[in-house]
Amino acid sequence: MTIQYDADVIVVGSGALGSNAAYELLKHGKSVIVLESGQSIPRWKIVENFRSSPRKGNHNDPYPNQPWAPTSFSPGYIENTGNFKFLPGMLRLVGGTTWHWAGATWRFLPNDMKLKTLYGVGRDWPISYEDLEPYYGRAEFNLGVAGSDTQDQSGQGSNHQFPARSTPYPVSPEAETYYFQRLKARLAPEGFNFIHEPNARTNQPWDGRPGCSGNNNCMPVCPIGAMYSGDVHARHVQALGGKIIENATVFKLEKGPDGKIVAAHYRTSEHKDVRLTARYFIIASNGLETPKLLLMSDVANASDQVGRNLMDHTGMGLQFLADEPLWPGRGQVQQGGIFNWRDGDFRREHSAIKHALTNTVPNRAITQHLLSQGIVGPELDEKIKDWAARWVDISTVFELLPSPSNRIQPSTTRRDALGIPTMTIHYDTDDYIEKGAAVAKADYAKFVAGMGGTVINDNTGWQNRDHIMGTVLMGDDAKTSVVNGECRSWDHSNLFMATTGVIPACGVVNPTLAGVALAIRSADIIAKEV
Amino acid sequence: MRSTQNGLSRRQLLAASLALPVIGSLPGIARAAGLLTSTDFHQLCVVLTGKDNFNPEFSRRILKAFTQKDSNFPVRANDLRESLKAADLTDMSNFASYAQQNKDLASVALSIISACYLGYTGTPAMDATPAVGHPVDDATFITYVGALMYAPTKDTTVIPSYARGRTNYWVNPPSAQNAG
Chain A
0 MTIQYDADVI
10 VVGSGALGSN
20 AAYELLKHGK
30 SVIVLESGQS
40 IPRWKIVENF
50 RSSPRKGNHN
60 DPYPNQPWAP
70 TSFSPGYIEN
80 TGNFKFLPGM
90 LRLVGGTTWH
100 WAGATWRFLP
110 NDMKLKTLYG
120 VGRDWPISYE
130 DLEPYYGRAE
140 FNLGVAGSDT
150 QDQSGQGSNH
160 QFPARSTPYP
170 VSPEAETYYF
180 QRLKARLAPE
190 GFNFIHEPNA
200 RTNQPWDGRP
210 GCSGNNNCMP
220 VCPIGAMYSG
230 DVHARHVQAL
240 GGKIIENATV
250 FKLEKGPDGK
260 IVAAHYRTSE
270 HKDVRLTARY
280 FIIASNGLET
290 PKLLLMSDVA
300 NASDQVGRNL
310 MDHTGMGLQF
320 LADEPLWPGR
330 GQVQQGGIFN
340 WRDGDFRREH
350 SAIKHALTNT
360 VPNRAITQHL
370 LSQGIVGPEL
380 DEKIKDWAAR
390 WVDISTVFEL
400 LPSPSNRIQP
410 STTRRDALGI
420 PTMTIHYDTD
430 DYIEKGAAVA
440 KADYAKFVAG
450 MGGTVINDNT
460 GWQNRDHIMG
470 TVLMGDDAKT
480 SVVNGECRSW
490 DHSNLFMATT
500 GVIPACGVVN
510 PTLAGVALAI
520 RSADIIAKEV
Chain B
0 MRSTQNGLSR
10 RQLLAASLAL
20 PVIGSLPGIA
30 RAAGLLTSTD
40 FHQLCVVLTG
50 KDNFNPEFSR
60 RILKAFTQKD
70 SNFPVRANDL
80 RESLKAADLT
90 DMSNFASYAQ
100 QNKDLASVAL
110 SIISACYLGY
120 TGTPAMDATP
130 AVGHPVDDAT
140 FITYVGALMY
150 APTKDTTVIP
160 SYARGRTNYW
170 VNPPSAQNAG
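The listed protein sequences correspond, in order, to chains A and B. The first sequence begins at 0 in numbering that gives the first Met the number 0 and counts up by one. The second sequence begins at 0 in numbering that gives the first Met the number 0 and counts up by one.
Hints in this document: simulated from the structure, not taken from any laboratory. You may find that some hints are simply not true.
Said to hold, decoys possible - Covered stretches of chain A, as calculated for chain B (at least 3 residues, CB under 8 Å): (1) 50–56; (2) 67–74; (3) 213–222; (4) 358–368; (5) 380–394.
Cβ coordinates follow ideal geometry from the N, Cα and C atoms, glycine included.
Next up, chain A with everything else stripped away, as it sits in the complex:
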């Protein structure tokens, strides 16, 4: 008897990774159902929510936070037990959390993927840069990435393109902001290597998106959709006949007698439970919800590594006033940074480091600071004008090493409105990034001195960076990893993970592009088998 399935492939999660995987499968002619716990909401409503919110710096605030689809900022949703409050801004809506990123779309370096082999710390990826390179190119095309075809993105100062590419960037880089130009002009002679950030804010029409016009609001929402977000491919999925079911929270993956996954069970916002079957399943529910679902379902965890090895690019920051007007806030919210510590033998001893130049309109931060000093009246206006021209904001990230004790687990005591467990996270910072922080602070002093600066804040403490990795990490050994180099569960041959949670060595670059590339690669593999 022929078995009937609801779809060839069920994708859990409609974010950038899930939607790109679904899109590629549909192009291969497969039937796809995407299950999304949140809702679809038009961009203009999010923009209006933002403009009328008192929480402008809270990136989750303009987005839906429904009882059946709570965001990470919903009170009590994430319970922390470690020395650091791990609280990334994760969304629940069609299109996912790339609604509020800044579109940074770096490639990992070949050496990032051989961290253990080269430097004796952390883990290696089970695949090489060369394995992933063609898929990086496809991901960049889907996202309309603007980047430089001439720079050494490793930050080591060579005069040739690195890492190697088989295809040029689909969009040429946008013009350098005056702010970036001036910082580079004065700090590069001190030995700091400034690199343009490849980004998914197209600066020319691309795939229905307009070119960036410098609204300076990539986070929490690009008002014109120049910046890529997962809703683009969610729409493409629907245009190709894929089905996206909203308000559908998957709470269980059902195992069959042959070790394969046979069904996904979801609960609607009205508390109705539905069972859907498919030949293959892709879990694309981000780096926290994916391991939570696996653990709740008791699947894919023969290695006991599901939910463990949680990594972020835990970071810190520097704000200072330069001695000349730099005019930050004109253009996009970030454009690149300083990458001297991206790679090198020092990684044996301390974390890699990225210093990104933040380019947000600084008026709120400045005004809050001045008011806290009791400055009012004409002096307040004068200082806002002066400081806003000279404000420099550096956002630094560090490469964390995977630690089994840094983990996400379903809560044993708390449940959401659907009766589904919330989550508990244990996250400790380690000596590897503490040593990196000392190096970064030495850089901070040089930045300030080089710009004739006055420090506003050079001791922010550790900060979230929302780059979730490691929780379903890939490896070449079923005993020590959750998925193989295809992102396929070692335990269930028809179960794949499309999440940055598969990344086992996190470097210092934003992981979304790698996640999309891996998701496209997994889709190609599945398409051959279905």
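Place chain B on chain A using the hints.
Chain B alone, transformed into the frame defined by chain A:
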């Protein structure tokens, strides 16, 4: 005498305060009877910001937000208003010396100035968002584009989410020809 004083009713106290306008905070109690109008409060906002053209609607929103949080706020605002008058403080350049001598009322002044400049009252939660049955902070929206903090840079940067320039305008510093 002592027992009589202890027996004063609130009404009697209020009547006494009207007769003794210079004693401590008693004048404020009189104003609590509704004598601080929204026009008074707007004039206070104008004095505190030095902006004659400050939008009266924003003043109304600020008064409402603070009063909802603290029903005694109109009293304190009126005390501030009268105190500024008494100090003849019309130029906020001189606020620092006033604040030295009137620390309590200076904090009221700063909270109002903060609302006018930042466009909200209260302290917004940065890593929590309201959920059903879960308020997360005391923040109230007043205005976005009307927030005074944006006025000093209106010729150099956009108010985020709005745009005035075209792609790549940012390659140049601002100038009269390039006010994007």
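Hint-by-hint comparison with the structure:
{"no.": "1", "hint": "50–56", "verdict": "holds (count 7)"}
{"no.": "2", "hint": "67–74", "verdict": "holds (count 5)"}
{"no.": "3", "hint": "213–222", "verdict": "holds (count 6)"}
{"no.": "4", "hint": "358–368", "verdict": "holds (count 7)"}
{"no.": "5", "hint": "380–394", "verdict": "holds (count 6)"}
In this structure, every one of the numbered hints holds.
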